[in-house]
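With chain A held as given, fit chains B and C onto it using these hints.
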Amino acid sequence: MSLLEVRNVNKSYGGRGRSSGIPVLRDVSFALEAGESLGLVGESGSGKTTLIKIVVGLERPDSGDVLYEGVERSSASRSTRRGFSKDVQLVFQDPVSSLNPRMTVRQLVEEGLVIHGLAGDRSGRTERVAEVLSLVGLDPDQMERLPSSFSGGQCQRIAIARALAVSPRVLVCDEAVSALDVSIQAQILNLLADMREQLGISLFFVAHDLAVVRYLCPRVMVMSRGTIVEEGPREQIFGDPQHEYTRALLEAVPVPTPVRR
Amino acid sequence: MIRSDGPLLRMRDVCIDVPGKAGSVRLVDGFSLDIAPAERVALVGESGSGKSITARAIMRLAPQTVTSGSIEFDGLDLGSLPERAMTRLRGRRIGMVFQDPMRALNPLMTIGDQLTESLRDEGVGKSEAVRRAVAILEEIGVPNAAQRLRAYPHEFSGGMRQRVAIAIALIGEPDLLIADEPTTALDVRVQRQVLQLLDRIARDRSLAVLLITHDLGLVANFVDRVAVMYAGRKVEDRRCWELFEQPAHPYTQALLATVLRLDRPVTRPKTIPGAPPHPAGRPNGCAFHPRCELAAPECSRQVPSLRRLAKGGEVACDVVGRI
Amino acid sequence: MRGARTRVRRRGKRTAGGQRLFTAIVIGAVGFLILMVIFGPIFAPDGVNRSNLLNAMQPPSAEHWLGTDEQGRDVLWRLIIGARPTLLSAALVVACYGTIGTLVATFATLGGRWADEFLMRLTDMTLSLPGMVVALGFATALGPSLRSAIIAMVLVGWPMTARLLRGIMREAMTQPYISGARVLGASRWRVTFRHVLPNSMDVLIVKWAADIGFTVLILAGLSFIGVGAQPPSSEWGAMVAEARSYVSTAWWVALAPGAAIAFSATAFGLLGEVLQVRLNPALKAR
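Residue numbers (the numbering used here), protein chains in the order written: chain A, 1 to 261; chain B, 1 to 323; chain C, 1 to 286.
Because the hints were derived from the structure by calculation, they are not lab data.
No experiment lies behind these values; they were computed from the predicted model shown.
Mixed in with the good hints there might be a few duds.
Said to hold, decoys possible - DEER-style ranges, computed between Cβ atoms: (1) A:243 to B:263: 13 to 23 angstroms; (2) C:187 to B:278: 51 to 61 angstroms; (3) C:99 to B:151: 45 to 55 angstroms; (4) C:226 to B:23: 27 to 37 angstroms; (5) C:226 to B:113: 50 to 60 angstroms; (6) B:100 to A:58: 24 to 34 angstroms.
Unchecked claim - Simulated coverage check for chain B against chain A, where a stretch passes if three residues somewhere in it have a Cβ under 8 angstroms from a Cβ of chain A: (7) 187-201; (8) 252-259.
For glycine and all other residues, C-beta sits at the position ideal for the given N, C-alpha and C.
Extracted from the complex, chain A is given alone in its bound form (with noise of 0.2 angstroms):
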């Protein structure tokens, strides 16, 4: 049994009485295991973002379902579902307008805590806060200051260590570094690599970046056009891609190597 799948998921937007809208997604089905990196590569308007909604659960598909341990989330009991939420978790892809700027790092982290009633009463919740900080590269001594005084690369650790407080086993990325400086991107991606590993967590890791996705997952899925074109090893993907999508997608990435002239 898989951790997580996404069988036949249907997903119009727009529609309204008899018409059924603008396809979205289209009979997507995949499966997510236990401890893996998948990657999916999609431009935008794929779906890849209603497939995330769907996935996290802030969207509902038309036909098809989400099912978490085997269990279907349609018809999920309410503490079921529940405890989906929390071991579901998501890092988007701007850090900066991911955090509430009113709150404090500590109430950013510990919200997840104070909701499914974790890590008990303050001292333990603040110790909970202080470990996962240290554990994303964050002084815990920070923790009563606002986002705003921080980088783009600190909120996004910030926004990390906010989904991994609750300790989820699935950590959804979407495009959790394209919005960040260039020298920062390579730290990010590093820090979610070893967390995974350290942690044992599922990712599901979307982006548009090739070359991301192919450095952290060994499993890659290509979108187009709300259906999943090619999925396979990234070897297979990069080295051999089978379908022509992926074969323009790869020739289109610059290569930073310049001809002599």
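Just chains B and C now, kept in the frame of chain A:
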């Protein structure tokens, strides 16, 4: 028509300040750059490096004041040019393309009106202006150009919109095109198309290009020269292939080492510790020294000046020069 | 070499020092008004409102700085004790309709589509009524008094807050950190009260500060036309109303409360601007 010989654009010791809470903040500090006619230069840097402000200062679009230094274009001192002459220069001699084509285009005007606007201001007749608009749209690869003149920006896809923005920048037949992150908002495949288009057009028209970007990979096969900015200062200025082959400044070296590449085996990328400084909190001496592997005690004392390298180009580092 | 000075004129923006001075003056003016509200009646001598016809209509002098009115009462002292009914009732009006508007907007956000639809249509309906006319009608129906003027102002005031806040909250709901809280498992209530509301209040606090100034004007206007505070109240609008019949002989009696009204309206209006600069993170230098 280029009148003077020598560089087309000549920037000398340009400093740009903004008022801050505790006195003024220097965003760009002593920036110099020459661009020859038909030369293509990339200005590469991270956020806060001052690259975009520098580009906007050339066009006098920056809300910030150029505090000292000079900017000359084809022998004209842009600092002392009256606003009317500057307006004529924009578009006619210097074109500019922005990152977000949707925001650079007026959503309430047709593409045709936006294309012909600057020509009509100069007194070009309507039919002639339309003819030139159609010609440039065709050149830039917009299908059905004559019909598309009546379309509004939202009727175009992102890539097409950027093409139109490029067409608007080029219709006055400028000698210099400033492109500020022109492909950052676009998908990989469209990004490549737009870059190829810029490449072809620049070659056909012997256009000088100043490409502002954070993406080193993008510039490799497009420009002749790369200037790297860090914390408001130019730290390296090299011929493009030389920079990639043998980067001189530790920052450039580190930056190239962090870039993940599809043409190399999967390895853990090197990282640069810390984050680029906020302009208000620029470290003393070399701004990169707190993050630099090679930092020596003197690096925190004085700002290294740009030195010429034997094989051409400049670098602002006192340590690598010694080795 | 000639310095390239690309000076761009900064339209309407103050320098840092100028801004500080401006802030200080506005805060000072508002603080002065508040002190008057708190301490005025405590220090006022007995019998400020007692008439002393022998002393009537004295022009400003060393003894009576702002002169006396037609009943021989000291205009300055009446002005000082009048700050309470005038400013406090304006603040009360804004506080009441601010609360109602906030509640309406919050429940519209919380309650799902039907509640939202119902509350917002109700808001639109109330908003479409001409405020001044309704206030007049209400005040007349309830009998002219300061209390009816206050109730009337509250009834016509809340929809603006509700509509504005609903729009801002809707906007705030699209912020990524809202999705973030929902993914974390936060309930609707938690999302609304912990994340949406605190991030939506900036604009409203600015609006409410300016509204106090505006309400001072309207309340004074209502008193002036006779449906608000009634003489012998020293509410400033009522003072002007009382003084208008002999303005040609004793101009100071009307001018003093008139100037006080203008001063307060301006002070609170500018307080809104000061708060805007202070609360807006974009305008605040990092």
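Going down the list of hints, with the structure as the test:
no. : hint                               : in the structure
1   : A:243 to B:263: 13 to 23 angstroms : 20 angstroms, holds
2   : C:187 to B:278: 51 to 61 angstroms : 37 angstroms, violated
3   : C:99 to B:151: 45 to 55 angstroms  : 50 angstroms, holds
4   : C:226 to B:23: 27 to 37 angstroms  : 57 angstroms, violated
5   : C:226 to B:113: 50 to 60 angstroms : 58 angstroms, holds
6   : B:100 to A:58: 24 to 34 angstroms  : 26 angstroms, holds
7   : 187-201                            : holds (count 6)
8   : 252-259                            : holds (count 5)
Comparing the model with each numbered hint stated earlier shows that hints 2, 4 do not hold.
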